[in-house]
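Trainee: Letter by letter, the chains look like this.
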Amino acid sequence: MNTSLINLEMCVIGLGLVLMLADLFVAPERRRFIAYIAILALGFLLAVSFSGNGSCSIAGTAFHGEFINDGLSLFFKRFFLVAAILVLFIAAEFSDRIVAAAEYYSLIIFALAGMLFAASSNDFAMLFVSIELITITFYVLVSFQRGKLTSLEAGVKYLILGALSSAFMIFGIALIWGTTGTLNFTELAAIAPQFVDSKIFLLGVLLLLVGLGFKIAAFPFQIWAPDVYQGAPTPTTAFLAVGSKAAGFVLLLRVLFTAVPAVTVRWSTLLIIISGITILYGNLCALPQRNLKRIFGYSSIAHAGYLLLGIAALNASGQAAILYYLAGYLFTVLAGFLVIALVLRHLETEDIAGLSGLNERSPLLAATMAISMASLAGIPPLAGFFGKFLLLKAVVEAAQIPGNHCYYYLVFVALAGVVISFYYYLGVIRAMYWSREATDLSPIKLSAPAMVTAWICIAGMFWIGIFPNTLLNMANAAVTALKI
Amino acid sequence: MSILTQIAGWPLLAALLLVVVPRNYRVIIRAIAVLATLISAVLAVKMFCDYGAAPADAEGYRFVQQIPWVESLGISYHVGVDGLNVGLILMGAIVAFAAALCSFEIQSREKEFYILLLIMSGGILGAFASLDLFFFYFLHEFALIPTFIMIGVWGRGEQKNYATFQITLYLSAGALIALIGLIALYLQSGANTFDIPKIIEHVKASPISAHAQNIIFPLLLFGFGILVSLWPFHSWAPLGYAVAPSPTAMIHAGVLKKFGLYGLIRIALPLLPTAAQDWAHVLAWLCIGNILYIGWVAMCQRDLNLLIGNSSVAHMGFIFLGIASLNVIGISGAVFIMVAHGFLAALSFGLSGYIYQQTGTLQMNELGGLCRKLPFIGTALLMAAMAGCGLPGFANFVGEVTVFFGAWKTLPAITVMALWGGLVIGGVYMTRAIRNILHGPLPAKWNGLADAHLWRKLPYALLLASLFVFGMWPRLLTEKINPDAAKIVSSYNPQVVILQPAAGKELNAAPTGIRQLAIVNK
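Residue numbers (the working numbering), protein chains in the order written: chain A, 562 to 1045; chain B, 2 to 523.
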């Protein structure tokens, strides 16, 4: 057994424990430095993963095939490390508003560990454990502002719905195990074709999709997203939007395309319908919103729908497009949440009006938010444009196969969603640059790390949008691990 | 670096530069914008003059530059010109310069305005120069988004929000539908590249199946059609232009709108010949909607900008008619009108913007006798109106008459209706507008109006001069367009052979020029 494959995960868990202990020795007013230490440590691990010597670069399986390291897991592990680093930057700016900041940071690290395991799971047991590690940490992270009613409310909502979806998922796993007798994805892929007519087996897969649908906030399991996004502390929301969603997608890719590809090809219509409704639901519900974090909540539902386009297309270019899109989404969404965390920290609500006059208060933050919104809307030359282009291309590619004309309907639904989304994304830009209702025009002082984060996010959005070659090659290499 | 990259690059570079200029340096901001567009216009004129002498590559494109961008998808930055886009790039660069000069009327948030204006100009010039399907779309989209912001922020009148909403909805939907068509085209061609010349080459050898063509062509026709205000998807245009600040209206109506037409001619016609023949009749009937129905609507307008907006929609009908004729003369004429109408639309919206700035209204019954107070602007408006109804001597006449000659062969009934629309309806609303605005008694409240000073005269003079130059010497453009129009038509009728007009012969008027276009149809 090759236990050295999980060195990265062990290091991350160790880091989380060290941060908890560090709380005892660091004076309260210096707590934000704990976050910087964590950032440095994760940055080191990220550098190691790019050097090619890290445990995540070694292909192979461990623990009787439960844990797998391949191109897909490598891509997502780097993704999660970058996400955690940027979220910790946001969290460091947030440290004056939460008690026990060090615990908060270490919980982020534990959630990260869960995501790293999720990227490598090749077995339903591993899948469930990593999902639970992520979800349970998030229950705490969501309700971390104990003094704030909305935060507690969000925590309770997330807990109840999360527990429910976990129950569905474990039930589904039980059914799959009961019919096939295996939990391992590789073994299951070999025998699944025999069971494609077994109703119990199909119900098991369906219930499993319910659980994963909850993680990615796809229709009809999206109901929690706006409330939780709104109530949770901003860094938590940011990590939820990026990390938790990406973890859901990597598991979805693994299950659908390596464990039960025989079922997936038969369910293309279901995937098309879910994707289409998710896009429309997210975009339409975002239209009347005034609260920024709720807008992000609904927009994250819409983006889950866009990402599902890549799954519904059932081809390699769709899978690569998902990876590409997620990478762009990472910088885009974190840029948005960084601005929310910095600008709206002294306001009770996160109303759009709070952003008015931001261009005069801090041109850098206004530009960051504007670029983020433009990228979410898919405006060239930003990350979101090329990502959407790849996703649409994958779906149109699927539509070229004779008899697959329903993909054209999906394309038009996606287009409708994109057009609708212009309204609310451009509304945010308008509030920052052209609103006349600005009351507070005091300049915003930015700490050096916050400026660095903003520049990293801006550079990321432009880099992914203007020089897609490197990342696209990485994504194409990563999805060779998948079977369809 | 190709001169085309520079033509599109200077405005974009200037936009980037403006980001770091402090907003209270107004003169510097203006100077940078005007200078960048001037450089781009001068380079475009140079490119246009050098066109004949420049070496053409194997596919017949000149000033070519190619840089690989995404190898796995076959996307590369590839620019080049042939007869179809050389005039458009020249027109786009001149209109951008004129619009930058007209932007002096913008008083609030100038920095953002100029940045968006430069993005618009650079983006669309790049889109016209692009020979890569992806960049072709990408750069147009890049230029399109600033339009919405400019109308939403600097727009005028009570209907601003509604107009912004409508134009955003229509144009984004149109662009995205066209994108789906382009992606489907890329996948169906089987060439595994976004490079337009390579796709054309590949498709010549192995044509796309008729079934796929009939799915893709309507996507492109209606996607691009929405962008060009093809009837009945035109309703965004008059209102949008009426509300837009005049520099935006100048660039959008003049340049950006031609993108859809250019896309149809450059991409849809050569790559989807079977479907184009099937759909040509649909297009011909829809263009009657543009010419007659919108012409009729234009007659009923009381607001000068709505009138110009509607007449610009009506003019698109002639271009569509030229495309629908599917022969060399018709397509050459369509390309010619695209260039001519670019100058004309920019001129008309620029002039109406000046009048609005002076009077605060464009209601024609409130205006009157303005020619006395504004002799230069009034005369220019008169000339624009005459060019709009197709007076010989202006470039529009050459294009329109060429289209009619081309369409007569294939679509005689529709040509008769279009002629009626072009000559009679256009004449009615244009002359009526001139009478209402420029002649008659001058209301006392307009006694304080001031005519344009030198700097403000320059853009109008430049645009008028361009209309004259191409109206008097159409050969400057037609001899560039013809060989490439013939190439496109060759996919419909392989036997079309085009004889180059004899060198050294002077062509002074349009009909002579057309006679020189000896088309031998064996």
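A few of these clues could be false.
[Said to hold, decoys possible] Straight-line C-alpha distance at most 20 Å; calculated EDC-like pairs for lysine to aspartate or glutamate:
#1 B/K488 - B/E106
#2 B/K161 - A/E998
#3 B/K446 - B/D304
#4 B/K112 - A/D788
#5 A/K709 - A/D631
#6 A/K1006 - A/E590
[Said to hold, decoys possible] Derived coverage of chain A by chain B (criterion: at least 3 residues anywhere in the stretch with Cβ under 8 Å from a Cβ of chain B; other residues may be distant):
#7 659-673
#8 707-714
#9 756-763
#10 1033-1043
In case anyone wonders, no lab produced these hints; they're calculated from the structure. Owing to the predicted nature of the structure, the values given are computational and were not obtained by experimental measurement. Where a beta carbon is used, it is the ideal one built from N, C-alpha and C, also for glycine.
Trainee: Each hint: holds or not?
Mentor: For each hint, the structure was consulted:
no.	hint	verdict
1	B/K488 - B/E106	violated (44 Å)
2	B/K161 - A/E998	holds (19 Å)
3	B/K446 - B/D304	holds (19 Å)
4	B/K112 - A/D788	violated (39 Å)
5	A/K709 - A/D631	violated (43 Å)
6	A/K1006 - A/E590	holds (19 Å)
7	659-673	violated (count 0)
8	707-714	violated (count 0)
9	756-763	violated (count 0)
10	1033-1043	holds (count 3)
Checked against the numbered hints above, the structure violates hints 1, 4, 5, 7, 8 and 9; every other hint is satisfied.
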